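Visitor: Note that the protein sequences, when read in sequence, are chains A and B.
Take the first sequence: its position 151, counting from 1, is numbered 151 in this note's numbering, and each next residue is one higher.
Just add 184 to the spot in the second sequence (first one is 1) and you have this note's numbering.
In short, the hints are calculated from the structure, not lab data.
Every value quoted in this text rests on a predicted model; they were computed, and no experiment measured them.
Partner residues aside, some chain A positions facing chain B, computed with beta carbon under 7 Å: (1) Trp-22; (2) Val-43; (3) Cys-175.
Glycine included, every Cβ here is placed at the ideal spot set by N, Cα and C.
Number of protein chains: 2
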Amino acid sequence: MTEQPPMRWTVHGERTIYDSAWVRLCLVDVEIPGRERFEHHVVRTPYSAAGTVVHDPDRGVLLLWRHRFLTDTWGWEVPAGMVEAGESPADAAVRETIEETGWRPGPLRPLTTYHPINGLCDEAFHLFLADGAEHLGDPTDPTEAARVEWLPVPALRQAVADGQLRDGLSLTAVCYALAFASLD
Amino acid sequence: MTEQPPMRWTVHGERTIYDSAWVRLCLVDVEIPGRERFEHHVVRTPYSAAGTVVHDPDRGVLLLWRHRFLTDTWGWEVPAGMVEAGESPADAAVRETIEETGWRPGPLRPLTTYHPINGLCDEAFHLFLADGAEHLGDPTDPTEAARVEWLPVPALRQAVADGQLRDGLSLTAVCYALAFASLD
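Next up, chain A with everything else stripped away, as it sits in the complex (with noise of 0.2 Å):
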């Protein structure tokens, strides 16, 4: 073990680059003690964002196969998406599964919150576990994925191995689950 000074950087202000309904882009003025003083680029969200890997012991784990603009590549999503004003996290976890695949997933027990990139961006996801789901129809919000589709446990750890989950939310979501959860 390596001991250290407790190590905490200084924040001495920030000032707003560029500000919206979405997204802020400020400069942190932080000092690291006794080494140096920089400003620190800083992207902050209004919001924070949850989603719910939803298993059933005999269908697996509900997912949407998506494709994501901003970095061209199609792959496995859990349902997600953003906490609205006045709601709770698993109230959000419930609408966006039912909204984005037509499934009313049971009971929600919370996994983990996050700080998906911590040195850049304040943003928390949420993360839930439901047992199992009740079909209730068409997805309300169609426009999220080309597919929606049950994946067995071990068609999920393959996706996983495979490449097939890069989005975040839905990695940390499923690796966190399978490791913790006894999904199989």
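With chain A fixed as given, assemble chain B onto it according to the hints.
Guide: Only chain B this time, still in chain A's reference frame:
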């Protein structure tokens, strides 16, 4: 299974709102076919990042206990950082481990590459698993962490369950390794 027509947003153009060596903020003119057309905020980074789960069967996993000013949180993180110009992700993973921990990682194998916030930011994270490590001395970059420590795998699993890994790259890397690399 719910079948839908292939769904891919159309990109009509992109304009830059702010540019720097660290981050570029853009508005992308996108259209959801048959639905709506709007401008979508996108954060582009000219770099990617690489991080490593360094695992030793006797010691456990090599971690940093550090503070993040952006989220004002303390947590365990794996050694990680930016891939520099002309550097491969694997070379960056080795360099960052040495700089931040003072340990040279053993043979690396790639776990996966993913996009931590693929609806907002194009940054990619490259994850590696290293087999053991050799102690070289003190970290050459001691500004990153308050403590460098080997955590036995059961303690690491407990730390994840206790919410002590809120840094996305670290959480994803550790959960991926726990689910796919049989660390125990």
